[in-house]
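Same order as they appear, the protein sequences are chains A and B.
Residues 1 to 298 in the UniProt record's numbering are what the first sequence spells out, letter by letter.
Residues 1 to 311 in the UniProt record's numbering are what the second sequence spells out, letter by letter.
No lab work stands behind these hints: they were computed from the structure.
Worth double-checking, as some hints may not be accurate.
[What the hints assert, rightly or not] What follows is a set of in silico ranges between Cβ atoms, one per label pair, in the way DEER data are often shown: (1) A:PRO275 to B:GLU25: 14 to 24 Å; (2) B:PRO80 to A:PRO67: 40 to 50 Å; (3) A:LEU277 to B:ARG74: 26 to 36 Å; (4) A:LEU97 to B:GLY46: 40 to 50 Å; (5) A:LEU109 to B:TYR121: 49 to 59 Å; (6) B:LEU302 to A:LEU66: 47 to 57 Å; (7) B:ARG22 to A:LEU97: 22 to 32 Å; (8) B:SER203 to A:GLY125: 44 to 54 Å; (9) A:GLU59 to B:ARG117: 35 to 45 Å; (10) A:SER217 to B:ASP158: 43 to 53 Å.
Keep in mind the model is a prediction, meaning the values are calculated, not measured.
Just so you know, even glycine gets a beta-carbon here, dropped at the ideal spot from N, CA and C.
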Amino acid sequence: MSLRVDVDANDLLRPRERPRERRRRRRRPGAIAFDVLVLVVGLLMAAPLVWLFAASATEPGEAFTLPPKWLPSPFSTENYSRVLELMPFGRMALNSLIVAVISVGGSLLVAVLAAYAFSRLSFTGRDKMLVVMLSALMVPAQLTIIPVFVLMRNLNLVDTLTSLWLPALINVFAIFFLRQYFNSIPRELDEAARIDGAGHLWILFRMLVPLSGPALSALAILGFQASWNNYFGPLIFISSPEKMTLPLGLVTLQSGQGGAPAAVVFAAIAMVVAPVLVLFLAFQRNFVASVATAGLRG
Amino acid sequence: MTAGVATPVALGTDSPPRRRARRREALAGWAFLSPALVLFLVFIAGPLAFAIFLSVHSWDLLTPREYVGLENFRRLFSDPLLPKALLNTFLFSLASVVTHVFGGLLLALAVNRPMNRFVSYFTRSAVFFPYLLSWAAVALLWKYVLDPTFGLVAYYLDKIGIDAPNWFVDPAWSLPAIIGIDFWYTIGFTFVIMLAGLQTVPSELVEAARTDGANRWQVFWHVTVPMMSPVLFFAVIITFIGAFQIFDPIQIITGGGPDDATMTIVMFLYQTGFQAFQIGYASAIAILVFVVIMAVTGLQFLVARKWVYER
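In isolation and in its complexed conformation, chain B is listed as follows (with noise of 0.2 Å):
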């Protein structure tokens, strides 16, 4: 995020024509600016200096709000569902960065080879395409493949001898399919993304190391990962960022159940706020939503530049 080199003033040469023209300049500028800038102050830094003010009061949309201080944070940290929700998002997350940073690291490696065109082409359509699609059709979809009756994963587990799950009646079963039809849904971003990382790397360094007596192994760990480690860590980022805020297919599937057993901070933000109409406690959590992800990312951002390669 670079900033632009403002333009340097000459001195001396300011002339009356010239100031002029100077000034005109400013006036396009913040003319040309103005549609974005109203926008954001309406849309992005006005709500959010209203839900820092709303987090301190207690309102329920229809009756007159009333300022009731840190109260909504010393209840949120002290309501029973607030820990299960936290960890449930992270162990979903932390489930969602590992397997989509290996698996989209392997599928990419997997096709980034001479082989079989067809196979090639299908396999990658195949792994990118549920990507383009809502979370709507793919949670309804997947309710129905996971279904104990007639799904198609009951019936080909049974099958090979495996009895399959209820998955959404059982709580230790439920966070596991969410989490697996979410690497479904989103691998083919993390797929592309690897994709292009590998085609990065130089493939001379590769041939240098090969000449050099280096085995495959070798050549991955010393040149490809380090190579690549900027496209791993945006990976890491962008995968954590998206999945603590992962909402759609627990409201469509499971609506935080069985048990609680899929709540997530998102889901418990929108019960409490568009459910219960608890606005200002709604807000907290919606605060703590924020400072979560920043911390974490910045805290990812500082281990990141022990072992990140800069070109």
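Chain A extracted, bound-state conformation (with noise of 0.2 Å):
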């Protein structure tokens, strides 16, 4: 199931604009009283995430006195360097890249392919096996994590990075919405192709696949996202320090042998928060076109 949201996305994290002639009049006390009130909502959803920058970079014994710290005092990166000293963040950080990679290169691959055969190519069976798959849907991760779990040690795969990106290959969401996508490009296009000569492959891949980027994109954005932040996943299949991914790595880093102390566990949070805050701060509009878009996650 799905929701197709047909507004200017981009538009959603910009403030609206007021009108011009209404710019100049003063604004009614109760209107400025409501906005203070909606910047306090603001200013709550983010004390957590500027206590964690500024206890985090506070040297260690003081990370964590009351009052609570809101700017780092006194200044100190021995929290950050700790975490590298007690859990291998570098190459968490690697496989959680690696996975997230070819998790959303693999899948898109699949899903350009699939999405193609359902839009363009006539054959028996085609739209009953598009519902089958639409179907699939519908089923949690959780009862198919145990076969494939199962399946997994059977192919001796438990505890690779391999176990992570091979299931997350097939994404039944991304074909579909790419099929509507691909649905909605003139077909007169790809026949004028045709009489040139071009096969399938041109068609898809110099023709559809460059008109599909606002899709592609927003599915990209989406895949990275999940398989970046997974955890499930990672806690079934991984055991070793060497081959988790940094979701697991940090939950590891502060439940196991006795624990981190906090201070450090703290300065691994923030360094897992601090790149997608980057990250969001740089490509914002398209982070929220992606969820208002092809807002849909399992």
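Two chains, two separate frames, one set of hints: put the complex together.
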């Protein structure tokens, strides 16, 4: 089940423009009070993150003294260097990246091929096949995880990165989403190309794929985010630290063998959150647009 | 979910070259579909069938499987943990749906009007951003935010004269704490969906209602809400399906405790399958999860027929 929201999603984060004539007029005190209320909501939402960065950049002994720190004082990077001593952070970040890139790249390739078949080629059983695949969207991951675990165990793939990206290659939602997108591209275009002697692969990769930029980038952003943040999969499949991805590594740092001090865990969380924050600030519109247009996640 | 229309076959023109062309196209179709089809069979359809097969067996992954018929289901329905887990899961889902839909709509309405540009931008970003993080980071962060000795919440509640509970030790407060954390984490999604929904409400309709003398409240109830009902319905369904499978923060923060106060159905499944390795029994739980989600979603669709406005 999906919902396409046909609005200019790029505008969702942009403050609404005030009508010209009104801008000159004084705003009512009520409206200003309301703005303050909205600001308070924003501050409350941001507070845990501000505290996270402030406390993690404070000297270990001072990080959690009361009142809570809103700025690092005294400033220190010691918690951060302790993270690097206590967990293979770089290795785990690389693992997360490898899994996410292969999952996203692979699943989009598989989806683009399948969407082409569903949108442009006719053969018996095609539409029934699509309905069967779509009904899989209703199946929760917990139902398939046990058999998939048994399968990985039999293939000797438990505790490998392969066990994380291989099941992610099939993305039924992406297939459906791309098929809808391809259907909206006029067929006259491929017929013209066909007359010029183009084959299916040329039509797909030289014409349809370049024309599907917005759909592909929305799916890529959502897919990358889902993979990067996945905790359930690694928890089931991975046991050795050098194979872990960041989410599992974080939790293991906190709970494994005695557990690291709170300030160090805080620094590790900050190291995971910071790149996401930077990416968000840089590509805010793309993030919001992806969520609004393809807004569906397991 | 509309299936495409099959190409009509022209009668009488089924000459051999044409038939050959059609066979070539069918072959290409299956070839393009094959990677997806193989993966679908191996990682979705096969496992689904295998899960049903496992649910009527007793198996610990080591000793041979043993057929036990419906014994796993019989045991499940007399397991004292099941009603507890189901109740917690339903409570969580209900609270999640209500807080997300109302909160998301309220937040979207609050920023979807002429206002200070900085405030608007800052609040929109602050509400949306947590949704991009992982449960691992969010759950660990909030474990400290809610810490009774050095956490933010305890400190500021104390300042205004409220004695903060010891969230994850007190069974009465553990589930509400998880509900609150989940709200902070995922409200950004509902918020964006609602904001998008608000933009689909035609402004001519709002203006027409205003000229006819409707006040803001009447416009909201009689124009905005009906026009947005498909979006509201979508938010309810998506939030429910997600909430019913809540697992990560439970596993990370409470492990289902204290005193099973945060034991949810998927946590129950995880402990049975991946800690006790009762594979057959866990598969029976998984099938129950599937059936409940299907049933509740179906029910929501039935209810929705009455009040969702279709354009």
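How the hints compare with the structure:
1. Checked against the hint of 14 to 24 Å, the C-beta distance between A:PRO275 and B:GLU25 comes to roughly 46 Å, which is inconsistent with it.
2. The hinted range of 40 to 50 Å is satisfied by B:PRO80 and A:PRO67, whose Cβ atoms lie roughly 45 Å apart.
3. At about 51 Å, the CB distance of A:LEU277 to B:ARG74 disagrees with the hint of 26 to 36 Å.
4. For A:LEU97 and B:GLY46, the Cβ-Cβ distance of about 29 Å falls outside the hinted range of 40 to 50 Å, so the restraint is violated.
5. Our hint of 49 to 59 Å for A:LEU109 and B:TYR121 is violated, since their Cβ atoms are close to 37 Å apart.
6. Checking the proposed 47 to 57 Å range against B:LEU302 and A:LEU66 shows it holds: the Cβ atoms sit about 53 Å from each other.
7. Under the hint 22 to 32 Å, the C-beta atoms of B:ARG22 and A:LEU97, about 45 Å apart, miss the expected range.
8. Restraint check, B:SER203 to A:GLY125: a C-beta distance of roughly 46 Å satisfies the suggested window 44 to 54 Å.
9. Taking the beta carbon of each, A:GLU59 and B:ARG117 are about 38 Å apart, inside 35 to 45 Å as hinted.
10. A hinted range of 43 to 53 Å holds for the C-beta pair A:SER217 and B:ASP158, which are about 47 Å apart.
Checked against the numbered hints above, the structure violates hints 1, 3, 4, 5 and 7; every other hint is satisfied.
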